[in-house]
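Engineer: Chain by chain, the residues run as shown.
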Amino acid sequence: MLELKNLSFSVVERDEDHHEQQLDIIKDMSYTFKKGKFYAITGPNGSGKTTLSKLIMGINKQTSGGVYFEGNDITHLSITERAKAGIAYSFQHPARFKGITFRDLLAIASKTDDEEKLLKIVRRVGICPLSFLDKPVDSTLSGGEIKKIELATTIARNPKLAIYDEPDTGIDLWTITPMVALLKREQVENKTTTIVVSHNRSFLEAADEILIFNHGEIIYEGDLKKALPILADFRICNFKPCPEGEKDAQCFR
Amino acid sequence: MLNALDKELLKTIAELDKLPQGAYHIRKNGKTLSRATTANINIETNEKENGITVTIAPGTVNESVHIPVILNQGGLNDVVYNTFIVGEDANVTIIAGCGIQCAGPESQGHEGIHEFHIKRGARVKYIEKHYAGGYGSGKRTMNPTTKVFLEENAQVEMELTQLGGVDEANRVNEAVLGPGSSLLVTERVMTDGDQKAASHNKIILEGDDSRSNMVSRSVIKGKSRQDFYASMVAKARSFGHIECDAIIMDNGTNETIPSLRAEHPDAELSHEASIGKIAGDQLMKLMSMGATYEEAVNTIIQGFLR
Numbered sequence: 001m002l003e004l005k006n007l008s009f010s011v012v013e014r015d016e017d018h019h020e021q022q023l024d025i026i027k028d029m030s031y032t033f034k035k036g037k038f039y040a041i042t043g044p045n046g047s048g049k050t051t052l053s054k055l056i057m058g059i060n061k062q063t064s065g066g067v068y069f070e071g072n073d074i075t076h077l078s079i080t081e082r083a084k085a086g087i088a089y090s091f092q093h094p095a096r097f098k099g100i101t102f103r104d105l106l107a108i109a110s111k112t113d114d115e116e117k118l119l120k121i122v123r124r125v126g127i128c129p130l131s132f133l134d135k136p137v138d139s140t141l142s143g144g145e146i147k148k149i150e151l152a153t154t155i156a157r158n159p160k161l162a163i164y165d166e167p168d169t170g171i172d173l174w175t176i177t178p179m180v181a182l183l184k185r186e187q188v189e190n191k192t193t194t195i196v197v198s199h200n201r202s203f204l205e206a207a208d209e210i211l212i213f214n215h216g217e218i219i220y221e222g223d224l225k226k227a228l229p230i231l232a233d234f235r236i237c238n239f240k241p242c243p244e245g246e247k248d249a250q251c252f253r
Numbered sequence: 001m002l003n004a005l006d007k008e009l010l011k012t013i014a015e016l017d018k019l020p021q022g023a024y025h026i027r028k029n030g031k032t033l034s035r036a037t038t039a040n041i042n043i044e045t046n047e048k049e050n051g052i053t054v055t056i057a058p059g060t061v062n063e064s065v066h067i068p069v070i071l072n073q074g075g076l077n078d079v080v081y082n083t084f085i086v087g088e089d090a091n092v093t094i095i096a097g098c099g100i101q102c103a104g105p106e107s108q109g110h111e112g113i114h115e116f117h118i119k120r121g122a123r124v125k126y127i128e129k130h131y132a133g134g135y136g137s138g139k140r141t142m143n144p145t146t147k148v149f150l151e152e153n154a155q156v157e158m159e160l161t162q163l164g165g166v167d168e169a170n171r172v173n174e175a176v177l178g179p180g181s182s183l184l185v186t187e188r189v190m191t192d193g194d195q196k197a198a199s200h201n202k203i204i205l206e207g208d209d210s211r212s213n214m215v216s217r218s219v220i221k222g223k224s225r226q227d228f229y230a231s232m233v234a235k236a237r238s239f240g241h242i243e244c245d246a247i248i249m250d251n252g253t254n255e256t257i258p259s260l261r262a263e264h265p266d267a268e269l270s271h272e273a274s275i276g277k278i279a280g281d282q283l284m285k286l287m288s289m290g291a292t293y294e295e296a297v298n299t300i301i302q303g304f305l306r
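Residue numbers (the numbering used here), protein chains in the order written: chain A, 1 to 253; chain B, 1 to 306.
Just so you know, the hints here were simulated from the structure itself, not pulled from any lab data. Careful: at least some of the hints might be erroneous.
Derived CB-CB ranges, DEER-like [what the hints assert, rightly or not]:
id: 1; chain 1: B; residue 1: 184; chain 2: A; residue 2: 139; range: 17 to 27 Å
id: 2; chain 1: B; residue 1: 62; chain 2: A; residue 2: 117; range: 54 to 64 Å
id: 3; chain 1: B; residue 1: 15; chain 2: A; residue 2: 208; range: 47 to 57 Å
id: 4; chain 1: A; residue 1: 214; chain 2: B; residue 2: 281; range: 26 to 36 Å
id: 5; chain 1: A; residue 1: 177; chain 2: B; residue 2: 259; range: 47 to 57 Å
Quick caveat: nothing in here was measured; it's all calculated off a predicted structure. Note that CB positions come from ideal geometry on N, CA and C, so glycine has one too.
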């Protein structure tokens, strides 16, 4: 239902001496996501997980290659057009507004301001209490609250494809299990193709397919069992000691 | 007595479809058009005959006063001095506003000087909207001044809005707060084209435990310019906060200067100020929910000015 064909994304960076250097964030990636399946994308920081998610939503523009959604070429479609085609995106760091409430966002997402319909969505997402609806989506919200709102506005779209970028950021431990259950329920009941970018084991366990990213490439696709040794390997790599005088920030990641 | 244009202006500035319930005073082109008083609210022309005095009896609750001003006479600069005396423990809403309809090349202006004396324990909500329209080339100016004196435990909430179409505005707000009193001011100004608006605010926290919050929201379109100055002076154990945000949409200019002055060791004063474009993450979020770029911008601006 979603096909990536030789997709690449590069940026040009300048080093200390103002020499331009091309950084390849996503490298010639080809992959097909199947309808109604639950995918978890994981991998070390800087491996291109968020960048790929944003390429699918149209937030980042690819350097080369194409994106096909339900057989249609959406490579050059805008964010709005992709949203209307049925793709929804849950941001890792959701925007905070001034003077805009949860109700306003939900009304835009669900294309209705009918009180009953909005409450139905709030109940479906399991946000309590219902008075939450009139909370302003501003800097007064906690990290967990804003992530719940982000999730609700994504689900309210009734998307064919839902992308969640680290949905568990700022969420307390005991909320993760119900959150995973909610995304699973949306997948099963509404046949929502689901892509979750996460490091959290609960999401990896819930997934039908695990994709491990490294340096802008998919280095593994398959079940969790075979993924675990690779992920364990990353842990070792990520904690390698950085020698004194090391300048490369990559070492400290 | 009210023609179609008058009615449209009244609807814009005071959300009135017809003559309001309760006390009101409608001023058109510098003269009284219509007025009504109630048992608790008296409205009379002041001694100098350059405005009105509104007297609200102590203990008056759930009543409102409408005092809109409409102007459609070219070349007229209407200056009016209005005084409001709100009795002890009253709880009322005052709705003011000025609408200018400019059809010709001559300039039109309105300067409304509003002085409020809020007696002990009284609560007032003051709503003021300014709007100018019409296809004439004359300059439309509005220079509103509000002076508020709050006695012990009085509470005032002010919503001051300039909706658009005003070429030049010089806005002045001054307040002196007595013990235990509180003042919340929210000012919203939108300018476009070559319009200019300046807002000067001075809030003096004179009594112990007085509190004030001044919020300013500016939207600057076209090549317009807005300047916002707010100073809060604490002379007692008190709390004050200034929050001013400006969104620049095209090639406008904005200067924002919040200033705080504490003359008492137990004063708590703070401010936050920001000027910037519409945030990219807000646009992305709304567009990812199916809104077009234009719809997203509108939603953000409407929320910001709400």
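Engineer: For every hint, state whether the structure bears it out.
Structural biologist: Now the hints, each set against the structure:
Between residue 184 of chain B and residue 139 of chain A the CB atoms are about 19 Å apart, so this pair conforms to the stated range of 17 to 27 Å. With their beta carbons about 34 Å apart, residue 62 of chain B and residue 117 of chain A fall outside the hinted range of 54 to 64 Å. Range check, residue 15 of chain B to residue 208 of chain A: Cβ separation about 55 Å, and the 47 to 57 Å hint holds. At about 27 Å, the beta-carbon gap between residue 214 of chain A and residue 281 of chain B stays in the expected band of 26 to 36 Å.
Checking the proposed 47 to 57 Å range against residue 177 of chain A and residue 259 of chain B shows it holds: the Cβ atoms sit about 51 Å from each other.
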